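Listed below, chain by chain, are the residues.
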Amino acid sequence: MDEIREKIASLIKDGKAGSVLAIVKNGINVIPVQITSQNLDEVSNICLDERRYPIEKMLASLVDARDDSSPVGIVLRPCEKAAVIELHKLQRFNIADLILIDIDCSRELRDKCACDWKDDIAVKVQEGKEFLKDETLDTLESGTSKERWEFWSKHFARCIKCYGCRNVCPVCICKACCLEEADVVEKGELPPEFPIFHLARAVDVAGRCIDCGKCEEACPVDIPLRLIHKKVFRDFIRDFKYIPGASIDEKCPLDFIESIKEEGD
Amino acid sequence: MKSEDKKTPSIIAFTCNWCSYAGADLAGVSRIQYPADVLLIRVMCTGSISPHYILKAFQKGAKAVLVAGCHPGECHYNAGNLMAEKRMKVLKGVLGFIGLPDGALHLEWISASEGIKFAEVIQKISDKVKEIDAEKV
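Top to bottom, those sequences are chains A and B. Going by the working numbering, the first sequence opens with residue 344, and the numbers climb by one from there. Going by the working numbering, the second sequence opens with residue -13, and the numbers climb by one from there.
Don't take each hint at face value.
Once the Cα atoms are required to be at most 25 Å apart in a straight line, the calculated SDA-like pairs of lysine to any residue come out as [claimed, not checked]:
{"no.": "1", "chain 1": "A", "residue 1": "K489", "chain 2": "B", "residue 2": "K78"}
{"no.": "2", "chain 1": "B", "residue 1": "K78", "chain 2": "A", "residue 2": "A500"}
{"no.": "3", "chain 1": "A", "residue 1": "K356", "chain 2": "A", "residue 2": "V415"}
{"no.": "4", "chain 1": "A", "residue 1": "K518", "chain 2": "A", "residue 2": "K489"}
These aren't lab readings, by the way, just hints derived from the structure by calculation. These figures come from a predicted structure and were not determined experimentally.
Whole structure, please, built from the sequences with the hints as guidance.
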């Protein structure tokens, strides 16, 4: 903990990083703060274990907004690191412009998120171990399609179309969003059309969703969104032998241009 | 068709311009009978079909969607059909998980000379739709 704080302070003092993005606790407020040489004393308030924020998204705008080419530091949890790798692959920013400072989550937080990133999914997959276990997901999958339809109709009927799941999603980076397109989703309907509203996002982020579960955390009406994304994530690994967010060099099988190149060879 | 017989087609078929649409054309020219409750939508390549189109079709009441393209290796644009195959795999998983019946989304390879196969595929899907309808009632 103190090591990381010292590291961040020295990064800024030595001028290696222009600024460092970290989550800071001020009294009862836990908020992400951009630490620069001007507010270096915030370093002592850096909080590593309380809450998750979509800091990868803020990072992207920080990289865009910097005046010089000095790297931006960021304190990252394992899932957020996976998201940063995906954003690099989507060319939102270059990972060479960043200084990644890895931290581990606390045991409680890890249990709360049912996190698989900590024990490296790639290793689990290679060894043939069970990964991304989820009881609700398994029961739903083994049930009938009618049961599943009823389950999801019930949950999605609560949706208030706040777009929270999209706004918080680290890999939802399109400037024009299909969910705001009248050709895809009818405007002014509440609850939004089921299933297109929710599935359009699920298929869009397939291959880059890293199963962080922030969408479910952000949902004000507690729709178990992570189940869908977990299902997509798990099937993606099984079908394509590719783990989103695991490595920088591996190319996503749904990457159109790349697959054309491969086939052309 | 009389006006009171008009109903929304229960099958939407996205057909590739270079193979399957020509295959459907051949089925028509050869006067092969196949169920009429299908609406063909011609696309330049199955690789150009966004999953959103298919979701929209289901949203608007389609009972089944067929995506028909060139056989692997015969794509006019080299690999568009393989791209579609990958996308459909993901989409099929999600649709099944949300509770759509198994026979809702079909992916078939139909070449320009396979008019008979086209008719057979439509017949198969139409039977499947009737089966699903019967289960619901």
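Pair hint K356/A and V415/A, alpha-carbon separation not exceeding 25 Å: Cα-Cα ~13 Å, so holds.
Do the alpha carbons of K489/A and K78/B lie within 25 Å of each other, as the hint requires? 16 Å, holds
Hinted pair K78/B and A500/A, Cα distance within 25 Å: 23 Å, holds
For K518/A and K489/A, compute the direct alpha-carbon distance and say whether it is at most 25 Å. Not satisfied, since the Cα-Cα distance of roughly 36 Å exceeds 25 Å.
In terms of the numbered hints stated before, the structure departs from hint 4 and from no other.
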